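From first to last, the protein sequence lines are chains E and F. Numbering-wise, the first sequence is residues 1 to 306 according to the numbering used here. Numbering-wise, the second sequence is residues 307 to 570 according to the numbering used here.
Be a bit skeptical, because a hint or two may be false.
Listed next, the in silico SDA-like pairs over lysine to any residue satisfying Cα-Cα at most 20 Å (straight line) [as the list claims (entries may be wrong)]:
(1) E:Lys177 to E:Glu148
(2) E:Lys133 to E:Lys204
(3) F:Lys325 to E:Arg88
(4) F:Lys325 to E:Glu148
(5) F:Lys325 to E:Gly130
(6) F:Lys325 to E:Glu92
(7) E:Lys133 to F:Lys327
(8) E:Lys133 to E:Glu92
(9) F:Lys327 to E:Gly129
(10) F:Lys414 to E:Glu81
(11) F:Lys414 to E:Ser82
(12) F:Lys414 to E:Arg88
(13) E:Lys204 to E:Leu220
It is worth saying that the hints were derived from the structure and are not from the lab. Note that the structure is a prediction, hence the values are computed from the model and not measured.
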Amino acid sequence: MIRTENLTKRFGDNLAVDDLTLEVAQGEVFGFLGPNGAGKTTTMRMLSALVAPTGGTAWVNGYQVGVQNAEIRASIGLLTESPGLYPRLNAEQNLSIYARLHDVDDVAGQLRTYLTLLGLWERRHEPVGGFSKGMQQKLAIARALVHEPTVLFLDEPTSALDPEAARVVRDFIETLKGEGRTIFICTHNLNEADRLCDRVAVIKQRLIRVDTPAALRQGLYGQSVRVRLREPLSALPAVVEALPFVHGVSEMPDGLRVSLDDPEADNPTLIGALVEAGAAIQFVERESYSLEQVYFDLMRESEEAA
Amino acid sequence: MNTQRIRVIISKEWMDMGKNKMVLIMMALMPVLLVGMVLGTTYFMARAPEQDFEPGAGSGIALPPEMAHLDPKTGTIIMMNDQYMFYLLLIPMALPVYIAAYSIIGEKETRSLEPLLATPISTAELLVGKTIAAVTPAVLLAWGSFAFTALGMYIIASPLIFEYLVRPVWTLSMAIQAPLFALLSTSCGVIASSRMNDPRAAQQVTALFVVPVVGLSMLVLMGRLYLSLQLLLWATLLMVLVNVGVLWLAVKLFQRETILTRWK
Ligand SMILES: Nc1ncnc2c1ncn2[C@@H]1O[C@H](COP(=O)(O)OP(=O)(O)O)[C@@H](O)[C@H]1O
Ligand SMILES: [Mg+2]
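Work out the full structure: start from the sequences and follow the hints.
Following this line, the structure appears as structure tokens:
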């Protein structure tokens, strides 16, 4: 549904997006992660046919960027970094402008559907300048959806919101999953990406890594378990190390961290060996890494490489 | 060009304009002041003693040969009214530049341009919509002011003064020049808003065009030029040429990527 090939954007000497090659499948929720200035917004603008690439190309919904821009714009919905509503107009007017620009058949029906869905129906006659940030963001989301686009671009949908409003918006985005729409989300919020996205790309001008959050974790840290012990025993690491499926052991203040092939299959053997060696085991748990750790390690890696 | 999308833009601009006090006040102020001044001046001059207007007296104006057959007082009032009509033509000059610049700079400020440009609307449709939205009220206000002045003149002044006010050189000027002025002014607003971030600054651009109009009115007042249909024809030709040039520049500057990213 979205495919980029060596997509590049230069502003003068500034390389905003460098040689980006990606593919996002239909119905996929795709996260786009990267620090400020990484080129996320610029990529989204190129894919929305708002700015022209300076190199490479891209297809959205089968339409080629730069060649079929009108078709692209007709088939996508874009939530920009700031809501960009008309503050003096009311919610209904703001939405109806977009519905009519997209030549929606049943304008009144679509307005009703989305204003209701986002909890704005009661306040549809109020000028949106008086709305809270969260309500404005919800209206902007409704505006991006009112013509039923097959690809939805969301540029940092929750970053300007307070935690409460962010949660409402995040919950709403989650309800959009599984409706067949391709959703492309730029975000700073790694928990959000973890929760919402089928796959994430980490970028900083260039593509650093792209995969499912789980695969990224595993790729970076492998599988590991934590064994918590009542008291440390100096003989234990050697015992564990000798097991054939163990890749590494590190001693922690409260026990051991063991990386191994497959925790489900190997844990019983591991525990047996430890008990035999006299260990007093309190807990054995799967080591869990947040996407945040993954992200920072990838960033550090890319900085060291540069 | 999709007329439905152009209509959406026009209606959006007008809805917004209707809720913008600043624009509404500006739109009301100039016509009301001008019409009041024309009618007030005529009213009081018509009631002043005849001898005030005799050659050599304080209030008299040297009439051009074409108006020599008029009595001095009537001639002076007509000359005054002609001056005011020049200023009435400045209405379609002063307003659209502000409306157009405001509607583009305003969209940059509210960041509404980016989502708007991500819809199927073409930049040409957007430009046409915004232009029509800015030109129409200004032209209607100019025509309304002229009609109002004529009506008032019909009531308070002599038939001769009324006839001179609505003579072809003015009715045609209103019909032709007012829209041309408004279009020129709009294009200036579009150009200015691609470079400036304050609609009021954009408005100062039209000072450039006010100067020739005022200059022309002074030449007429001093008797150096007579307001003939021939003069109108030349002025129209000149205006069309200037309009084409300025509009070309406006279209050239009004590009999706430029208006979207040349800003911060
Ligand atoms: N219109 C522009 N003109 C010049 N440079 C730009 C423009 N837009 C973005 N950039 C630059 O491109 C880089 C990427 O910006 P952006 O795509 O906004 O990053 P992100 O959304 O990831 O924070 C930054 O260095 C930014 O300064
Ligand atoms: Mg951004």
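Hint check results:
1. Distance restraint check for E:Lys177 and E:Glu148: the Cα-Cα separation of roughly 14 Å lies within the 20 Å cut-off, and the hinted pair is therefore satisfied.
2. For the hint linking E:Lys133 to E:Lys204, the alpha-carbon distance of about 29 Å lies beyond 20 Å, and the restraint is violated.
3. For the proposed pair F:Lys325 and E:Arg88, the alpha carbon gap of about 6 Å is at most 20 Å, so the pair holds.
4. A distance of roughly 30 Å separates the Cα atoms of F:Lys325 and E:Glu148; the hinted pair therefore is violated under the 20 Å criterion.
5. A hinted pair counts as satisfied when its Cα atoms are at most 20 Å apart, and F:Lys325 with E:Gly130 qualifies at roughly 14 Å.
6. With a CA separation close to 15 Å, the supplied pair F:Lys325 and E:Glu92 stays within the 20 Å bound.
7. A C-alpha spacing of about 24 Å is found between E:Lys133 and F:Lys327, which places the hinted pair above 20 Å, so the restraint is violated.
8. Between the alpha carbons of E:Lys133 and E:Glu92 the distance comes to roughly 17 Å, so the proposed pair stays at or under 20 Å and holds.
9. For the proposed pair F:Lys327 and E:Gly129, the alpha carbon gap of about 15 Å is at most 20 Å, so the pair holds.
10. Taken as a hint, the F:Lys414 and E:Glu81 pair is honoured in the structure, with Cα atoms around 13 Å apart against an allowance of 20 Å.
11. For the proposed pair F:Lys414 and E:Ser82, the alpha carbon gap of about 11 Å is at most 20 Å, so the pair holds.
12. The straight-line distance between the Cα atoms of F:Lys414 and E:Arg88 is roughly 15 Å, inside the 20 Å bound, and the hint therefore holds.
13. About 18 Å separates the Cα atoms of E:Lys204 and E:Leu220, which keeps this hinted pair within 20 Å; it holds.
Checked against the numbered hints above, the structure breaks hints 2, 4, 7 and satisfies the rest.
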